[in-house]
Amino acid sequence: MEIPVLIKEAKQGSAAAQKCIFDQLAGKMLMVCRRYVKNQEDAEELLLDGFYKFFKGLPAFNYQGEAALYTWLKRIMINECLMFLRKKQTFVIVSETVAEAIPLEEEALNNLSATDIFNLIVQLPAGYRTVFNLHAIEGMNHGEIASLLDISEGTSKSQLSKARSLLQKMLLQKNITYVKRSTQ
Amino acid sequence: MSNEAHNKDWVSRLDGLDHTAGEAGLDKSAAWDRLHTRMQSKQGKSKTGWYWAAAACLLAGCLIPALLAYKQKYSGVHISPAVAYQHLDTPATLVISQKEAPVNVLKEKNKPVAAQQVLAAIMPALIHPINTTNITATLKKDTLQITDTMLAAVPATAAPKKIRVVHINELGEATVNEVVYPEYKPFTIRVNSPAGLGDQTIANNTLNIHLSPKN
Chain A
33 MEIPVLIKEA KQGSAAAQKC IFDQLAGKML MVCRRYVKNQ EDAEELLLDG FYKFFKGLPA
93 FNYQGEAALY TWLKRIMINE CLMFLRKKQT FVIVSETVAE AIPLEEEALN NLSATDIFNL
153 IVQLPAGYRT VFNLHAIEGM NHGEIASLLD ISEGTSKSQL SKARSLLQKM LLQKNITYVK
213 RSTQ
Chain B
5 MSNEAHNKDW VSRLDGLDHT AGEAGLDKSA AWDRLHTRMQ SKQGKSKTGW YWAAAACLLA
65 GCLIPALLAY KQKYSGVHIS PAVAYQHLDT PATLVISQKE APVNVLKEKN KPVAAQQVLA
125 AIMPALIHPI NTTNITATLK KDTLQITDTM LAAVPATAAP KKIRVVHINE LGEATVNEVV
185 YPEYKPFTIR VNSPAGLGDQ TIANNTLNIH LSPKN
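Just so you know, the sequences run in chain order A and B. Count along the first sequence from 1, then add 32; that gives the number in my numbering. Count along the second sequence from 1, then add 4; that gives the number in my numbering.
It cannot be assumed that every hint is accurate.
Selected chain A positions facing chain B (in silico; Cβ < 10 Å) [said to hold, decoys possible]: (1) Ser46; (2) Asp55; (3) Gly59; (4) Phe87; (5) Lys88; (6) Gly89; (7) Glu139; (8) Phe150; (9) Pro157; (10) Ile169; (11) Gly171; (12) Ser193; (13) Ser197; (14) Gln200.
Stretch-level coverage of chain B by chain A, calculated; a stretch enters the list once three of its residues show a Cβ under 8 Å from a Cβ in chain A [to be verified]: (15) 15-24; (16) 32-44.
Under the rule of at most 30 Å between Cα atoms (straight-line distance), these lysine-lysine pairs were calculated in the BS3-like manner [unchecked claim]: (17) B:Lys32 with A:Lys40; (18) B:Lys32 with A:Lys106; (19) B:Lys46 with A:Lys119; (20) A:Lys70 with A:Lys40; (21) A:Lys106 with A:Lys120; (22) B:Lys75 with A:Lys106; (23) B:Lys77 with A:Lys106; (24) A:Lys43 with B:Lys46; (25) A:Lys40 with A:Lys120; (26) B:Lys12 with A:Lys201; (27) A:Lys106 with B:Lys46; (28) B:Lys75 with A:Lys60; (29) A:Lys60 with B:Lys77; (30) B:Lys32 with A:Lys119; (31) B:Lys77 with A:Lys51; (32) A:Lys51 with B:Lys32; (33) B:Lys12 with A:Lys70; (34) A:Lys206 with B:Lys12; (35) B:Lys32 with A:Lys88; (36) B:Lys46 with A:Lys85; (37) A:Lys85 with B:Lys32.
In case anyone wonders, no lab produced these hints; they're calculated from the structure. Don't be surprised by glycine CBs; every beta carbon is placed ideally from N, CA and C.
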């Protein structure tokens with residue numbers, strides 16, 4: 033069954049349609065949760081919380097395509113994860129000075145598999161990982177991250193810089209080679 | 005979202021990641037069961053909450069009238085009659101016909117007209133036997149409704165003094181009206197008049213007035 037039909041039926045309270053949607057999207061959403069929350073059990077709980085809110089808010093959702101649906105669901109999951117992290121106070125704010133500049137060559141990540149990238153990211157400390165996820169993957173700017181995490185923009189930049197440095201070190205430790213982009 | 009170029013290949017591959025190699029994936033059926041149970045239980049909780057709220061409203065609706073009735077029933081035991089009389093919802097109504105006003109009305113200019121009428125109507129009834137001709141119980145067009153209680157009205161009324169007026173016309177020039185209190189006898193009244201009227205001594209209350217001008 034196609035997603036628009038499933039959404040329509042799920043809006044009307046069909047448990048079967050809701051289960052189909054859950055089956056299709058739960059795996060990806062679990063990986064999203066795990067990028068923010070390292071622990072598998074916590075991530076599964078957050079996944080269920082997020083889907084609960086998703087199905088609760090589905091009647092008011094105006095379906096405008098699969099991408100929009102995915103984006104909305106992903107945003108719900110991220111919000112759940114951030115709330116969880118705020119409750120646990122896992123954000124480690126070290127200092128606002130920009131850390132040692134070892135720039136991450138993000139093109140090196142293109143040579144890695146998705147699983148390798150995922151494993152690298154989850155090894156980062158919570159604060160670094162959160163800011164890196166929000167900036168490098170979700171595409172938020174530092175102002176948005178600062179307001180979302182209730183930190184200053186400088187702190188966000190600092191955390192991102194440190195995350196990049198740490199990732200670069202990990203890449204070097206693994207002897208992962210990459211092709212430098214040619215500069216003109 | 006930032007305007008930075010975001011078409012990174014590794015990001016799209018990471019977003020599409022369903023499970024990591026070497027790890028047990030999500031048990032979707034078990035997870036769905038948990039989610040479904042949670043949804044059902046929360047719906048049930050919300051319904052239960054509405055039931056409790058409805059029951060509370062019903063209970064309050066039954067209890068409040070009962071409490072009010074109980075309070076009304078036993079309130080007279082603890083409150084003195086005077087206080088209870090003052091707290092009546094509908095004030096005592098005394099209808100007075102203005103046309104049949106009593107003859108011996110004390111006219112005091114400083115009091116409001118309504119109060120004067122009230123006093124005029126009430127005083128004879130308090131001092132003398134009730135004169136039913138002065139106080140009627142019929143509503144008329146030009147009637148006055150008294151909203152005061154009797155307790156408030158009674159202290160305001162003063163008993164009329166019995167006065168005696170002495171007219172002294174013998175001198176022809178001056179007329180002296182003096183208030184004489186018979187209980188104070190004998191006493192002297194000094195009158196300063198342009199005619200040179202001197203002291204007047206009243207021997208007793210038999211109105212034998214002896215006038216003896218000095219000059």
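Hint-by-hint comparison with the structure:
1. A least Cβ separation of about 12 Å between Ser46 of chain A and chain B goes past the 10 Å threshold, and the interface hint is therefore violated.
2. Because the closest C-beta pair between Asp55 of chain A and chain B is about 5 Å apart, less than 10 Å, the hint holds.
3. This hint holds: Gly59 of chain A has a C-beta 4 Å from the nearest C-beta of chain B, less than the 10 Å allowed.
4. At a threshold of 10 Å, the smallest CB-CB gap from Phe87 of chain A to chain B is about 7 Å, leaving the interface hint in force.
5. Nearest Cβ of chain B to the Cβ of Lys88 of chain A: about 8 Å, under the 10 Å cut. The hint holds.
6. At about 13 Å, the closest approach between the beta carbon of Gly89 of chain A and any beta carbon in chain B exceeds 10 Å, and the interface hint on this residue is violated.
7. Proximity of Glu139 of chain A to chain B holds as hinted, the smallest CB-CB distance being about 9 Å (cut-off 10 Å).
8. Proximity of Phe150 of chain A to chain B holds as hinted, the smallest CB-CB distance being about 6 Å (cut-off 10 Å).
9. Violation of the interface hint for Pro157 of chain A is found here, the shortest Cβ-Cβ separation to chain B being roughly 19 Å, above the 10 Å cut-off.
10. The interface hint given for Ile169 of chain A is met, as the beta carbon of that residue sits about 5 Å from the closest beta carbon of chain B, less than 10 Å.
11. Restraint check, Gly171 of chain A versus chain B: the minimum CB separation of about 5 Å is within 10 Å; hint holds.
12. A cut of 10 Å between beta carbons decides the hint on Ser193 of chain A: the least distance to chain B is about 15 Å, and the hint is violated.
13. At its closest, the beta carbon of Ser197 of chain A sits 18 Å from a beta carbon of chain B; the interface hint therefore is violated under the 10 Å criterion.
14. Evaluation of the Gln200 of chain A hint against chain B yields a violated restraint, the C-beta minimum of about 14 Å exceeding 10 Å.
15. For the segment 15-24 of chain B, the proposed coverage by chain A is satisfied: 9 residues have a C-beta within less than 8 Å of a C-beta in that chain, meeting the threshold of three.
16. Only residues whose beta carbon comes within less than 8 Å of a beta carbon in chain A count, and the segment 32-44 of chain B has 8; three or more means the coverage holds.
17. This hinted pair checks out: Lys32 of chain B and Lys40 of chain A have alpha carbons roughly 22 Å apart, not beyond 30 Å.
18. Distance hint between Lys32 of chain B and Lys106 of chain A is fulfilled; the C-alpha atoms sit about 18 Å from each other, no more than 30 Å.
19. With a CA separation close to 22 Å, the supplied pair Lys46 of chain B and Lys119 of chain A stays within the 30 Å bound.
20. The suggested pairing of Lys70 of chain A with Lys40 of chain A is violated, with an alpha-carbon distance near 34 Å, which exceeds 30 Å.
21. The straight-line distance between the Cα atoms of Lys106 of chain A and Lys120 of chain A is roughly 21 Å, inside the 30 Å bound, and the hint therefore holds.
22. Pair hint Lys75 of chain B plus Lys106 of chain A does not hold up; C-alpha atoms about 61 Å apart against a cutoff of 30 Å.
23. Of the pairs offered as hints, the one joining Lys77 of chain B and Lys106 of chain A is violated, with about 66 Å between alpha carbons and a cut-off of 30 Å exceeded.
24. Of the supplied pair hints, the one linking Lys43 of chain A and Lys46 of chain B holds, its CA atoms being roughly 17 Å apart against a limit of 30 Å.
25. Pair hint Lys40 of chain A plus Lys120 of chain A does not hold up; C-alpha atoms about 37 Å apart against a cutoff of 30 Å.
26. Distance check on the hinted pair: Lys12 of chain B and Lys201 of chain A sit about 21 Å apart at the alpha-carbon level, within 30 Å; holds.
27. A C-alpha spacing of about 23 Å is found between Lys106 of chain A and Lys46 of chain B, which places the hinted pair at or below 30 Å, so the restraint holds.
28. The straight-line distance between the Cα atoms of Lys75 of chain B and Lys60 of chain A is roughly 67 Å, outside the 30 Å bound, and the hint therefore fails.
29. At roughly 71 Å between alpha-carbon atoms, Lys60 of chain A and Lys77 of chain B are farther apart than 30 Å, so this suggested pair is violated.
30. Only pairs whose Cα atoms come within 30 Å are accepted, and Lys32 of chain B paired with Lys119 of chain A is accepted, the gap being roughly 27 Å.
31. Only pairs whose Cα atoms come within 30 Å are accepted, and Lys77 of chain B paired with Lys51 of chain A is rejected, the gap being roughly 63 Å.
32. A threshold of 30 Å between alpha carbons decides the hint, and for Lys51 of chain A with Lys32 of chain B the separation of about 9 Å falls inside it, so the pair holds.
33. Taking the CA atoms of Lys12 of chain B and Lys70 of chain A, the gap is about 24 Å. The hint holds against a cut of 30 Å.
34. The straight-line distance between the Cα atoms of Lys206 of chain A and Lys12 of chain B is roughly 22 Å, inside the 30 Å bound, and the hint therefore holds.
35. This hinted pair checks out: Lys32 of chain B and Lys88 of chain A have alpha carbons roughly 19 Å apart, not beyond 30 Å.
36. Between Lys46 of chain B and Lys85 of chain A, the direct Cα distance comes to roughly 12 Å. Compliance with the 30 Å bound is thereby established for this hinted pair.
37. Between Lys85 of chain A and Lys32 of chain B, the direct Cα distance comes to roughly 18 Å. Compliance with the 30 Å bound is thereby established for this hinted pair.
Hints 1, 6, 9, 12, 13, 14, 20, 22, 23, 25, 28, 29 and 31 from the earlier list are contradicted by this structure; the remaining hints agree with it.
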